[in-house]
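Below are the chains, spelled out letter by letter.
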Amino acid sequence: MINKTIKQLLTGAGCALLALTPPLAAADIEGDRQVLRRDNGAEPSTLDPQLSTGTWESSIVGDLFEGLVARDASGSIIPGVAESWERSDDGLHYTFHLRDDAKWSDGTPLTAEDFVYAWQRILSPALAAPYAYMLSPIQGAEAVNSGDSAAETLGVEASDAQTLEVTLTRPTGYFVEMLGHASTYPVPKDAIEAHGSDWTKPGNMVSNGAFKLSEWISHDHITAVRNPNFHAVDDVALDEVRFLPIDDSRAALNRFRAGDIDTADSVPQGRIEWARENLPDALHETPILATFYFAFNQRPGSVLNDRRIREALNLALRRDVITSQITKLNQPSAFSVVPTAISDYDGPQFDFAEQPMDERLIRARELIEEAGYSSENPLHLTIDYITNPDTKRIPVALAAMWKPLGIDVTLTNSDAAVYYAKLREGNFEIGMAPWIADYDDASNFLDLFRSGVPNNHGGYSNADYDAMMARASNELDLDERPRLMANAEAILLDDYAMLPLYFYVKAKLVSPTLEGWQENPMDTHPSRWMHFSDN
Amino acid sequence: MTSDSKPYSGEQANAAPLPAGGPNPPRSPEPETSAQAAPAGESLARDAWRRLSQNRAAMASLGLLVAIILVCIVGPWLLPWGLAEVDWNAFGTGPTLENAHYLGTDANGRDLLTRVLYGGRISLSVALVASFVSLLIGVLYGAISGYLGGRVDNLMMRFVDIMYSLPFMFLVILLMVVFGRNIFLIYAAIGAVEWLDMARIVRGQTLALKRREYIEAAHALGVRDSKIVTRHLIPNAIGPVIIYVTLTVPKVILLESFLSFLGLGVQEPLTSWGVLISEGVDMMESSPWMLLVPSAFLAMTLFCLNFLGDGLRDALDPKTR
Amino acid sequence: MLIYTLKRLLQAIPTLLIVITISFFLMRVAPGGPFDGERQLPPEIEANLMAAYHLDEPLPMQYLRYMGNLLQGDFGPSFKYKDFTVTELIAQGFPVSLEIGGLAILLALIVGLPLGIAAALKRNSTVDYVVMGTALTGIAVPNFVLAPIFALVFGVLLGWLPAGGWNGGALPNLVLPVVALSIQQIAYIARMMRASMIEVLGSHFIRTARAKGLSESEVIWRHAIRPALLPVMSYLGPAIAGIVTGSVVIEQIFGIPGIGRYFVQGALNRDYTLVMGTVVFYGILIVVMNLIVDLLYSALDPQIRYDD
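Residue numbers (this note's numbering), protein chains in the order written: chain U, 1 to 535; chain D, 1 to 321; chain V, 1 to 308.
Isolated chain U, as found in the complex:
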């Protein structure tokens, strides 16, 4: 009995060994086929566009589906399923004209009704989509999502098969930009009703993008092949895209060097200088729309309620040392919270940005003394951070930089779930808070500091700021709106409401033979624009 079990175990392994499959050809071009092998950075948590949350999903979902608008190789919004659109004068009504050759991958036509279905679906409480709030500018969205109103009350209507009418609750300057996000993509009603939660499996999935799903082995690979029913299929050069969920950047670098993959999603921190020297043609270092900052807990009772301390901490930070010596990615130092790469926005900076470091340090010491701390009565602070070999070096450096001010820093690391639970409960003093934009608009960052919103980790609250942001969000004038937001950011910076460090730079490796891959601040790279040059 037992011997048999062991034998079965052993022969099982033996059989598996015999069932060898031939290795895949190690070339980009297999026969006449163009095959792109993309490192996806990690396993996506879903391929359902409306449940997707991060870049690991959107990179794949963006190849499989197309929304009303799409993104070109440079990340800019271009017409997608919608050929054109109009906005009413009050900014509350949008009319989208859908292209008449829009089809699903099974050949059935894609109509305005599909969008109505999709948007009602993402807001349904039963689906519990994390990104349902993306649609909150649409009339009735919040009530539908909380289950207070029926799905039909949503301000979306198909006046005919090719026309979609959308009503918003308030003018939203970035509404069309926002439609580039995966959560607004159409989804196939028939497939979802036929297969339930299994609709994203190969064989079940019907999509409308440049590629369609053909294989998915969890944590191994996801394969998508060109979708012959895509409206611009003639411009799609790649026959197949293979997404590899490589969640270790060292492994990705190894496999890139071995010629096993055509793109690597990241470069290990310790290897960036090496890559600059040895892989100059493949390395791309691109500023993206993201800010790395630390939240100050400013809730009542926190020592960081004192503006002088927040200012001193900001003053004494040598941002350039962190980006040149610790991260080594030479990210632009952040003296504001909105990244400088955000379009159509010219924001303020901390007024000390140009001041020499020694003057800043003198001022910082004065502030700490004014706040009542001295060498006899040192200021104790705690920095919380997520355990991660790369990011841990930053809080370590902060502690060393603040030490000359007589500040005694305790470092506390935890796993991500514990850490974010602490942030949510306000149970921290200084906490690491990276923020990556969902769409190219300054409000994406400034909304984080409105009173009582979910990601306002520090509990910052300033009535003037809230009022200014409210004015901005109702402003239709394209020149006035950014000005109002810049005024709001000036309030924020004057309060030293956070500790900005740098604006992200993403380092990626891309095979020099791959063309059509363009650096862009949205860090979005649709495969439909790519091809291999040696063909």
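Rather than coming from a laboratory, the hints here were simulated on the basis of the structure.
Predicted model, so just to flag it, every value in this text is computed and none were measured.
Any given hint could be a false lead.
To be verified - Derived CB-CB ranges, DEER-like: (1) V:Met50 <-> U:Gln355: 40 to 50 angstroms; (2) V:Arg28 <-> U:Asn427: 11 to 21 angstroms; (3) V:Gly73 <-> D:Leu155: 24 to 34 angstroms; (4) U:Glu277 <-> V:Trp160: 23 to 33 angstroms; (5) U:Asn427 <-> V:Pro58: 36 to 46 angstroms; (6) U:His93 <-> D:Ser286: 28 to 38 angstroms; (7) D:Met59 <-> V:Pro114: 29 to 39 angstroms; (8) V:Met67 <-> D:Leu70: 52 to 62 angstroms; (9) U:Ser533 <-> D:Ser286: 28 to 38 angstroms; (10) V:Trp160 <-> U:His284: 23 to 33 angstroms; (11) U:His93 <-> V:Arg28: 46 to 56 angstroms.
Here a beta-carbon is modelled for each residue, glycine too, at the ideal position from N, C-alpha and C.
Fit chains D and V to the supplied structure of chain U, relying on the hints for placement.
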């Protein structure tokens, strides 16, 4: 991430040399137990020490081990750099004599030798305490379970099965919540897992040993159970126990770095060999010293422990006495 | 013996029940939840999520619901990998981990046992020192150091083997992960085999066998190896449970789609259903392997009996 969360994974191993018991071993009346020859424990220890001191490899290892421990304790006071002190001119520089960074600096510009020595204090004390805890609980638990046998053995071993199967990571996270961050918790958490292996080994030993004539004879003579366990069973199981302890030490030192990852282990700026090694792996190709230096200290310690363990085993073996 | 085995299998039921119950509550009282991420969700969306996963019910109620589903063999959908059920994830990943782990154990036995025996027979000779020195190095260099070195040297610098990827289990892709996983096992097995051989060779019944005038090879092959194998066998029981359920280090470095990563990532993501799935799966393996070990004890040493 440096270790598996499964408390008992294949990457961690145990050694369970069970006693000699052939297909049909001819039983001999010759004394197999230390206790028979020993009314006085003191002379036993002296005897063992005499035999150990004749083992040159073991003595050399003992000397080196003491040297490593002393260097870790005293060294940091003699070095010019502090544990958290950043040399703003030397981020990740290699070993050199010029700036007193004899073994280079880490990626944060801190002196690597200083950090390795501080880390050694943590790693060596974790190894010492955790191994001792697992030794104490595991040996007693295993010996009692095996000796009493039957239902008690069954119950005690099912408890071990349960402990094996619980998700270790949640145990750790909960410990942290309940007791806060505390270095002694690391010892407790590690000891709490490691004793399981030891218990199963000793219990296996005991199952075989308790059928030997001399144990049954002692039993028949009315010797108390507790005395049989401590005086007869445990001394005869000492060989595999020592071998296993020498295999436990690297496991414990590396497990600590995994606990640090979860936030239970050492907190920056403090460090340990396990943490330094896992940091070094990231820098392996560009700054190999960051991996080599802590690895060398760990390897040296393990070699010493191993030879010392072999020597101890020989010195304490009742059969060869 | 049959009755003993049946009894032990019956005992597995309450054992696993206790494991499942403790794990369930342990996991749920730990801080941080499956929806605590970089993006904090608006309260109404969080409420929807809690309702969708029945997390808004009282804990005992959730426990009963879970047990009810479990009895029907339903482990539920993964919280993190939303498009898969836990059963699908384990069914997809386990054969991969089993193949890598099984081959690693096989390799470790084929290499480790002879090395250990040789070292014991030539005790304190050059052979012994070389073998034990190598074994110690294998123990001193942890997997998370060894695996990246292998990938770098053989996969990238020399280019002899794939630097990573599973590739449907093609032979070249198996070599590095299997060898990397087995090195430490080889070291442990060699170390243990040496120790137990020395122990056996010094025992009185071997002395008796020698005194009877048996040839040295007869003594070793017929009388010494079998009892000396016993501890290695008992070691392998629980070790197999650990190895065939994958290694997160090996899987990440070599891009292997096994289940080892679920043990760590499931816990880090607070993927409650996936954690429970791995707990149940691993618990069964532990119980079975320890049973096998106990049966092997008495098969290899008739002196060991289980009375009732």
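Now the hints, each set against the structure:
1. V:Met50 <-> U:Gln355: 40 to 50 angstroms: Holds - the Cβ-Cβ distance for V:Met50 and U:Gln355, about 49 angstroms, lies within 40 to 50 angstroms.
2. V:Arg28 <-> U:Asn427: 11 to 21 angstroms: With Cβ atoms ~19 angstroms apart, the hint holds.
3. V:Gly73 <-> D:Leu155: 24 to 34 angstroms: 29 angstroms, holds
4. U:Glu277 <-> V:Trp160: 23 to 33 angstroms: Between U:Glu277 and V:Trp160, where Cβ atoms are some 25 angstroms apart, the hint holds.
5. U:Asn427 <-> V:Pro58: 36 to 46 angstroms: 25 angstroms, violated
6. U:His93 <-> D:Ser286: 28 to 38 angstroms: Hint violated: Cβ distance 57 angstroms, outside 28 to 38 angstroms.
7. D:Met59 <-> V:Pro114: 29 to 39 angstroms: Cβ of D:Met59 to Cβ of V:Pro114: about 31 angstroms, so the range 29 to 39 angstroms holds.
8. V:Met67 <-> D:Leu70: 52 to 62 angstroms: 56 angstroms, holds
9. U:Ser533 <-> D:Ser286: 28 to 38 angstroms: 31 angstroms, holds
10. V:Trp160 <-> U:His284: 23 to 33 angstroms: Given about 30 angstroms between the Cβ atoms, the range holds.
11. U:His93 <-> V:Arg28: 46 to 56 angstroms: 47 angstroms, holds
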